[in-house]
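Visitor: Residue numbering for the sequence shown follows this note's numbering, beginning at 37 and increasing consecutively.
Derived from the structure by calculation, the hints contain no laboratory data. Take these hints with a grain of salt, some might be off.
Cut-off 16 Å, straight-line C-alpha distance, at most; resulting in silico cross-link-like pairs (EDC-like, lysine to aspartate or glutamate) [unchecked claim]:
{"hint": "1", "residue 1": "334", "residue 2": "290"}
{"hint": "2", "residue 1": "584", "residue 2": "571"}
{"hint": "3", "residue 1": "334", "residue 2": "253"}
{"hint": "4", "residue 1": "222", "residue 2": "79"}
{"hint": "5", "residue 1": "583", "residue 2": "566"}
{"hint": "6", "residue 1": "368", "residue 2": "381"}
{"hint": "7", "residue 1": "564", "residue 2": "527"}
{"hint": "8", "residue 1": "601", "residue 2": "513"}
{"hint": "9", "residue 1": "334", "residue 2": "252"}
{"hint": "10", "residue 1": "647", "residue 2": "501"}
{"hint": "11", "residue 1": "623", "residue 2": "571"}
{"hint": "12", "residue 1": "222", "residue 2": "252"}
{"hint": "13", "residue 1": "222", "residue 2": "424"}
{"hint": "14", "residue 1": "402", "residue 2": "387"}
{"hint": "15", "residue 1": "368", "residue 2": "417"}
{"hint": "16", "residue 1": "584", "residue 2": "566"}
{"hint": "17", "residue 1": "402", "residue 2": "360"}
{"hint": "18", "residue 1": "334", "residue 2": "262"}
{"hint": "19", "residue 1": "402", "residue 2": "424"}
{"hint": "20", "residue 1": "402", "residue 2": "366"}
{"hint": "21", "residue 1": "520", "residue 2": "608"}
{"hint": "22", "residue 1": "402", "residue 2": "392"}
{"hint": "23", "residue 1": "623", "residue 2": "582"}
{"hint": "24", "residue 1": "222", "residue 2": "409"}
{"hint": "25", "residue 1": "647", "residue 2": "608"}
{"hint": "26", "residue 1": "647", "residue 2": "571"}
{"hint": "27", "residue 1": "564", "residue 2": "529"}
{"hint": "28", "residue 1": "334", "residue 2": "248"}
{"hint": "29", "residue 1": "623", "residue 2": "577"}
{"hint": "30", "residue 1": "583", "residue 2": "529"}
None of the values given here were measured: they were computed from a predicted structure.
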Amino acid sequence: MTAILFESVEEAFAANAQPVLLYARIGGVPVEATEVTIGSGVDRPVPTCTLYCLAPRPETLAMNAEIEVEWGYPGATARRFYGHIPRDEGAFDDRGAVIRIEGEGEISRLAYPEYAGVEITGPTSLKDAFRSLCELRQAVPYLADDTTAVDGETTIMLGGEPAVDDGHIRIDNRTAPLGWLTRVAKLFGYRVFGCPDGSTRMARVSGLAIPDFTGDELTIDLNRWDYIEPRTTLNFRSAAGTSNPVIGTVTVGDIGRIMSDEFPSANGYLWGQVTFAGQPIGWCALHNFSGIPNFRRKITTVVPPRFEEGVDCFRITHQRDIRDMANYIEVKGARFTDADGGPVEIRAIPDTVPYDARLDPPGWRKDTVGTQDIVTAQQADWVRTATEVDRSEPYELVSWECVGRPDVQPGDVVTLHAPVHGIVYEDYWLMSVDESANRNGATMRLSGWRGAGQPLKAGNDCVTETVRNSVVHLGTETLSHYAKPSPDGIEYDIAFTVSSSAYSSLKLHGLAHGTNSIGDNTAVTGSKVEIWQLENPSLPESGTNEKKRVGSLELPTLDEELSRKRNYAASDAAWTPFALPMPGRLKQGAATMRLLSGEHDGGGQDDYEVKQLRLTYCGVGEPILPGQVGA
37 MTAILFESVE
47 EAFAANAQPV
57 LLYARIGGVP
67 VEATEVTIGS
77 GVDRPVPTCT
87 LYCLAPRPET
97 LAMNAEIEVE
107 WGYPGATARR
117 FYGHIPRDEG
127 AFDDRGAVIR
137 IEGEGEISRL
147 AYPEYAGVEI
157 TGPTSLKDAF
167 RSLCELRQAV
177 PYLADDTTAV
187 DGETTIMLGG
197 EPAVDDGHIR
207 IDNRTAPLGW
217 LTRVAKLFGY
227 RVFGCPDGST
237 RMARVSGLAI
247 PDFTGDELTI
257 DLNRWDYIEP
267 RTTLNFRSAA
277 GTSNPVIGTV
287 TVGDIGRIMS
297 DEFPSANGYL
307 WGQVTFAGQP
317 IGWCALHNFS
327 GIPNFRRKIT
337 TVVPPRFEEG
347 VDCFRITHQR
357 DIRDMANYIE
367 VKGARFTDAD
377 GGPVEIRAIP
387 DTVPYDARLD
397 PPGWRKDTVG
407 TQDIVTAQQA
417 DWVRTATEVD
427 RSEPYELVSW
437 ECVGRPDVQP
447 GDVVTLHAPV
457 HGIVYEDYWL
467 MSVDESANRN
477 GATMRLSGWR
487 GAGQPLKAGN
497 DCVTETVRNS
507 VVHLGTETLS
517 HYAKPSPDGI
527 EYDIAFTVSS
537 SAYSSLKLHG
547 LAHGTNSIGD
557 NTAVTGSKVE
567 IWQLENPSLP
577 ESGTNEKKRV
587 GSLELPTLDE
597 ELSRKRNYAA
607 SDAAWTPFAL
617 PMPGRLKQGA
627 ATMRLLSGEH
637 DGGGQDDYEV
647 KQLRLTYCGV
657 GEPILPGQVG
667 A
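Start from the sequences and build out the full structure, keeping to the hints where you can.
Guide: Spelled out as structure tokens, the structure:
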């Protein structure tokens, strides 16, 4: 029998046969799970998980124990839940005895009030306020987009009015940090939520959904699915050629995509089929015969996952609703007495209100956003513009059911093609992910929102550094089919340098095979990564400056398939990429990454290989740690 091994999630998603791998750990120890359901979303801050296993209760199952779930396909598995256990339940009926285990994400650490309240020194950015509260409750790892106004450049600052809480930000002892964060972030077009992989996120979910662009290039080498931006105002037509009718115009700042595989010539230009948000598909002149381009190609870090009607979506619903639409946004903030003794009420209104036939009569609709969290006129205007962007069009929500993809998370940008609903390869914000996996298959129900108004980038401030590219073979056996047949031992130290201690989250990326698995896919435990560092990395090691373990993490369970003797040196096809949040807090300077081989019950060590190890730091600058004040 031929084994199935996918090289990527995309390949697994497109396959007809999709054997599902499901792994679970409770208290760091593998348990035999029969099924899992997981729910998460940008408006559901705390991810939840329900795991089923056969009775009796696993020995490590305890209240508040750590729970971790991975699922996916051979060669394409990923962590889909990490958190702790607040509740379990045992049941017995005519089908047998089953243990039902409930988990909730680590962001729930933020979900209860601080006894004495919290004060954050102001003024401070929305991003730093988020990071400060995550540090206070150790809701790590955490990651925040740069929090900017609609212009994509101006940093959103909170507090700063001396007449209100002395310019600081205060959260009383009746308000949970999570409740405050979700309320305030949404005012400016951001969401705070937990991701299935265990990280706590603050992400922009506002405006037209577009992926993170790292730059652009002026080129005539354009291909299907490339993102493009016009260099000037251009017509796009019903077909290639200047004699065909104009069906729309695009200009600088508009973001579109190339849709065609073929690029015909006509009237001195090379033409391509393009699509722009809210516009029909048309044809644009990409460049003239002299090689002068009309578009810049946008460079993306991640190509959005693509879902297509009738291909990989079982069912699609498309909902539009104008009841929440408004084109006259009034913002009211705090009321206070200024230093001169005069009353002040923060307020922002638009200069003019445009007519909209969809709101006729009277052609406009007013909505007032009121909150005491807004203490300056500038903050009120930021809230007004963000609200105008998201409320200027009918609320458009698309839901679809599909085969499970272990690489999507709430807040991602995804591409949807559903011609029956008039959706032609358009990008959406992924609002919610409900997934179910067992040995027979994995399915998902996803919901996406297109957003409205001016496009806003969805960017992360992350830097990736290489720790080691070459192969390390952990274990004790000499295995000829390994990329490095001779083992490096059961422990292997890799020295590296921490370039910055001002990160908010740190992830280890790499390729691996055979981790926490022996023989023909018998799961074990104990193969892990530890991080060691001197208490003061800038000083030499001594009796008062000893090297200590900062944190450790269990490596994923990846099939060994020893009997198949795959040629791991020939290609990366049988290797599996992994990305795991690193625990602990590293200081700037020298550190050591220690790879460990686990020992299985029958004796002997876990043999596995890793390579292309990289650390990704996210977050810049030191957060301002909150103080505590009386309520």
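Visitor: If a hint holds in the structure, say so; if it doesn't, say that too.
Guide: Checked hints:
1. This hinted pair checks out: residue 334 and residue 290 have alpha carbons roughly 11 Å apart, not beyond 16 Å.
2. At roughly 7 Å between alpha-carbon atoms, residue 584 and residue 571 fall within 16 Å of each other, so this suggested pair holds.
3. Restraint check for residue 334 and residue 253: satisfied, since their Cα atoms lie roughly 7 Å apart, inside the 16 Å limit.
4. Between residue 222 and residue 79, the direct Cα distance comes to roughly 10 Å. Compliance with the 16 Å bound is thereby established for this hinted pair.
5. For the suggested pair residue 583 and residue 566, the alpha carbons sit about 12 Å apart, so the restraint of at most 16 Å is met.
6. Between the alpha carbons of residue 368 and residue 381 the distance comes to roughly 7 Å, so the proposed pair stays at or under 16 Å and holds.
7. Using a Cα cut-off of 16 Å, the hinted pair residue 564 and residue 527 holds, with the two alpha carbons roughly 10 Å apart.
8. With a C-alpha separation of about 14 Å, the suggested pair residue 601 and residue 513 falls inside the 16 Å cut-off, and the hint holds.
9. For a cut-off of 16 Å, the pair hint linking residue 334 to residue 252 stands: about 4 Å separates their Cα positions.
10. The hinted pair formed by residue 647 and residue 501 meets the criterion: a straight-line CA distance of about 14 Å does not exceed 16 Å.
11. The suggested pairing of residue 623 with residue 571 holds, with an alpha-carbon distance near 9 Å, which does not exceed 16 Å.
12. Proximity of residue 222 to residue 252 is assessed by CA-CA distance (about 30 Å); at most 16 Å being required, the pair is judged violated.
13. Between residue 222 and residue 424, the direct Cα distance comes to roughly 13 Å. Compliance with the 16 Å bound is thereby established for this hinted pair.
14. Between residue 402 and residue 387, the direct Cα distance comes to roughly 14 Å. Compliance with the 16 Å bound is thereby established for this hinted pair.
15. With a CA separation close to 10 Å, the supplied pair residue 368 and residue 417 stays within the 16 Å bound.
16. Among the hinted pairs, residue 584 with residue 566 is consistent with the structure: their alpha-carbon atoms are about 10 Å apart, no more than 16 Å.
17. Annotation: proposed proximity of residue 402 to residue 360 holds, straight-line Cα distance about 10 Å (limit 16 Å).
18. Between residue 334 and residue 262 the alpha-carbon distance is near 7 Å, which keeps this suggested pair within the 16 Å criterion.
19. For the hint linking residue 402 to residue 424, the alpha-carbon distance of about 11 Å falls within 16 Å, and the restraint holds.
20. Proposed proximity of residue 402 and residue 366 is supported: the alpha carbons are some 7 Å apart, at most 16 Å.
21. A threshold of 16 Å between alpha carbons decides the hint, and for residue 520 with residue 608 the separation of about 14 Å falls inside it, so the pair holds.
22. Straight-line distance between C-alpha atoms of residue 402 and residue 392 comes to about 12 Å, which keeps the hinted pair within the 16 Å bound.
23. Pair hint residue 623 plus residue 582 holds up; C-alpha atoms about 14 Å apart against a cutoff of 16 Å.
24. Our distance criterion of 16 Å between C-alpha atoms is met by residue 222 and residue 409, whose separation comes to about 12 Å.
25. Between residue 647 and residue 608 the CA atoms are separated by roughly 10 Å; this keeps the pair inside 16 Å, and the hint holds.
26. Distance check on the hinted pair: residue 647 and residue 571 sit about 28 Å apart at the alpha-carbon level, beyond 16 Å; violated.
27. With a C-alpha separation of about 12 Å, the suggested pair residue 564 and residue 529 falls inside the 16 Å cut-off, and the hint holds.
28. For the given pair, residue 334 sits about 10 Å from residue 248 by alpha-carbon distance, which is consistent with the 16 Å threshold.
29. Our distance criterion of 16 Å between C-alpha atoms is met by residue 623 and residue 577, whose separation comes to about 15 Å.
30. Restraint check for residue 583 and residue 529: the C-alpha separation of about 13 Å stays at or below 16 Å, so the hint holds.
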